[in-house]
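Numbering-wise, the sequence shown is residues 1 to 195 according to full-length UniProt numbering.
Heads up, some of the hints might be wrong.
[Unchecked claim] Restricting the straight-line Cα-Cα distance to at most 27 Å, the calculated cross-link-like pairs of lysine-lysine (DSS-like) are:
1) Lys154 / Lys181
2) Lys130 / Lys82
3) Lys109 / Lys81
4) Lys151 / Lys126
5) Lys166 / Lys181
6) Lys109 / Lys154
7) Lys117 / Lys102
8) Lys151 / Lys130
9) Lys154 / Lys81
10) Lys82 / Lys102
11) Lys109 / Lys11
12) Lys166 / Lys102
13) Lys87 / Lys130
14) Lys17 / Lys109
15) Lys78 / Lys126
16) Lys166 / Lys121
17) Lys121 / Lys172
18) Lys117 / Lys130
19) Lys78 / Lys102
20) Lys78 / Lys130
21) Lys121 / Lys151
22) Lys109 / Lys20
[Stated by the list, open to error] Using C-beta positions, here's what the derived DEER-type ranges look like:
23) Glu179 / Asp123: 45 to 51 Å
24) Arg118 / Leu148: 33 to 39 Å
25) Lys174 / Thr124: 20 to 26 Å
26) Asp123 / Lys151: 38 to 44 Å
27) Lys82 / Thr142: 37 to 43 Å
28) Asp123 / Gln155: 31 to 37 Å
29) Asn183 / Asp91: 30 to 36 Å
30) Lys82 / Asp115: 23 to 29 Å
31) Gln73 / Asp115: 56 to 62 Å
32) Ile80 / Leu9: 32 to 38 Å
33) Gly88 / Glu159: 30 to 36 Å
34) Arg147 / Ala85: 14 to 20 Å
35) Tyr170 / Arg147: 36 to 42 Å
Don't read these hints as lab results, they were simulated from the structure.
These figures come from a predicted structure and were not determined experimentally.
The beta carbon of each residue, even a glycine, is placed where N, CA and C say it ideally should be.
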Amino acid sequence: MQDELQQLLEKSIANLKERKELKFNERRETVLPTLQAEKTKLFPNDPAKKFQPVKLVNSIELPPETKQVYIPQELQPKEIKKETAGKGWFDMTSTPLTDEVKRDLHIIKNRAALDPKRHYKRDTVKTIPKFFQMGTIVGDSTDYRDRLTRKERKQTIVEELLSDTKTRDYMKRKVMEVEAKRNFVTRKGWKKKRK
Numbered sequence: 001m002q003d004e005l006q007q008l009l010e011k012s013i014a015n016l017k018e019r020k021e022l023k024f025n026e027r028r029e030t031v032l033p034t035l036q037a038e039k040t041k042l043f044p045n046d047p048a049k050k051f052q053p054v055k056l057v058n059s060i061e062l063p064p065e066t067k068q069v070y071i072p073q074e075l076q077p078k079e080i081k082k083e084t085a086g087k088g089w090f091d092m093t094s095t096p097l098t099d100e101v102k103r104d105l106h107i108i109k110n111r112a113a114l115d116p117k118r119h120y121k122r123d124t125v126k127t128i129p130k131f132f133q134m135g136t137i138v139g140d141s142t143d144y145r146d147r148l149t150r151k152e153r154k155q156t157i158v159e160e161l162l163s164d165t166k167t168r169d170y171m172k173r174k175v176m177e178v179e180a181k182r183n184f185v186t187r188k189g190w191k192k193k194r195k
């Protein structure tokens, strides 16, 4: 009895192997009936006339290498979009914050303290903006005499302020005033006031 079962099992395995080989080796070609182009006179320059009949292949008959795997959209990797200021701002990207840029932004924020004769509107923004751009001023071709020379041009706002003698003297005087007030608060300052 066991010998008969063993022989049946071997025969069924052999039959399955033969069927698999037949499926991959002998593909059935299904050809759709084509319309004769001469009989269809609707469109004389029809692009369908140029196409050749297509062979349809059942997906079960394809070898396992060519099968496509469907990945649902939730599992597909999402495209990383660059964060921009929006279309209203022409998709302005964020500027990388270096030490020089931070210094320049700090000076622009505190520009009211640089010149006693210029008064600016109070700045309500407390943090550095996420999207901003820095550029260079291009001189007008008509006022070529008023332009700065190459030696006078500086790379950053800090260099520009330090090169200006009036601004430097004003800042030095203000620093001395602040230090004088600070020294007055100490014990030595109080002793000087009593005498």
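Each hint tested on the structure:
About 34 Å separates the Cα atoms of Lys154 and Lys181, which puts this hinted pair outside 27 Å; it is violated. About 13 Å separates the Cα atoms of Lys130 and Lys82, which keeps this hinted pair within 27 Å; it holds. Only pairs whose Cα atoms come within 27 Å are accepted, and Lys109 paired with Lys81 is rejected, the gap being roughly 31 Å. Simply put, Lys151 and Lys126 have alpha-carbon atoms about 35 Å apart, too far for the 27 Å limit, and the pair is violated.
Distance check on the hinted pair: Lys166 and Lys181 sit about 23 Å apart at the alpha-carbon level, within 27 Å; holds. Of the pairs offered as hints, the one joining Lys109 and Lys154 holds, with about 20 Å between alpha carbons and a cut-off of 27 Å not exceeded. Between Lys117 and Lys102 the alpha-carbon distance is near 25 Å, which keeps this suggested pair within the 27 Å criterion. With a C-alpha separation of about 33 Å, the suggested pair Lys151 and Lys130 falls outside the 27 Å cut-off, and the hint is violated.
The hinted pair formed by Lys154 and Lys81 fails the criterion: a straight-line CA distance of about 36 Å is larger than 27 Å. As the CA atoms of Lys82 and Lys102 are separated by approximately 22 Å, the hinted pair is consistent with the 27 Å bound. Proximity of Lys109 to Lys11 is assessed by CA-CA distance (about 89 Å); at most 27 Å being required, the pair is judged violated. At most 27 Å may separate the alpha-carbon atoms for a hinted pair to count; Lys166 and Lys102 meet this at roughly 24 Å.
For the given pair, Lys87 sits about 16 Å from Lys130 by alpha-carbon distance, which is consistent with the 27 Å threshold. A distance of roughly 81 Å separates the Cα atoms of Lys17 and Lys109; the hinted pair therefore is violated under the 27 Å criterion. Our distance criterion of 27 Å between C-alpha atoms is broken by Lys78 and Lys126, whose separation comes to about 34 Å. Pair hint Lys166 plus Lys121 holds up; C-alpha atoms about 23 Å apart against a cutoff of 27 Å.
The straight-line distance between the Cα atoms of Lys121 and Lys172 is roughly 24 Å, inside the 27 Å bound, and the hint therefore holds. Restraint check for Lys117 and Lys130: not satisfied, since their Cα atoms lie roughly 31 Å apart, outside the 27 Å limit. Between Lys78 and Lys102 the CA atoms are separated by roughly 33 Å; this puts the pair beyond 27 Å, and the hint is violated. Distance hint between Lys78 and Lys130 is fulfilled; the C-alpha atoms sit about 24 Å from each other, no more than 27 Å.
Between Lys121 and Lys151 the alpha-carbon distance is near 32 Å, which puts this suggested pair outside the 27 Å criterion. At most 27 Å may separate the alpha-carbon atoms for a hinted pair to count; Lys109 and Lys20 exceed this at roughly 77 Å. Here the CB-CB span from Glu179 to Asp123 is close to 26 Å, at odds with the stated 45 to 51 Å. A beta carbon spacing of about 20 Å between Arg118 and Leu148 contradicts the range 33 to 39 Å that was offered as a hint.
At about 24 Å, the CB distance of Lys174 to Thr124 agrees with the hint of 20 to 26 Å. Judged by the Cβ atoms, the range 38 to 44 Å given for Asp123 and Lys151 is violated: they are separated by roughly 32 Å. Separated by about 39 Å at the C-beta atoms, Lys82 and Thr142 satisfy the suggested range of 37 to 43 Å. Separated by about 24 Å at the C-beta atoms, Asp123 and Gln155 break the suggested range of 31 to 37 Å.
Our hint of 30 to 36 Å for Asn183 and Asp91 is violated, since their Cβ atoms are close to 53 Å apart. Between Lys82 and Asp115, the C-beta spacing of about 38 Å breaks the proposed range 23 to 29 Å. About 58 Å separates the C-beta atoms of Gln73 and Asp115, a value consistent with the hinted range of 56 to 62 Å. Restraint check, Ile80 to Leu9: a C-beta distance of roughly 55 Å breaks the suggested window 32 to 38 Å.
Separated by about 34 Å at the C-beta atoms, Gly88 and Glu159 satisfy the suggested range of 30 to 36 Å. Here the CB-CB span from Arg147 to Ala85 is close to 32 Å, at odds with the stated 14 to 20 Å. Between Tyr170 and Arg147, the C-beta spacing of about 25 Å breaks the proposed range 36 to 42 Å.
Violated hints, listed in ascending order, are 1, 3, 4, 8, 9, 11, 14, 15, 18, 19, 21, 22, 23, 24, 26, 28, 29, 30, 32, 34, 35; each of the other numbered hints is respected by the structure.
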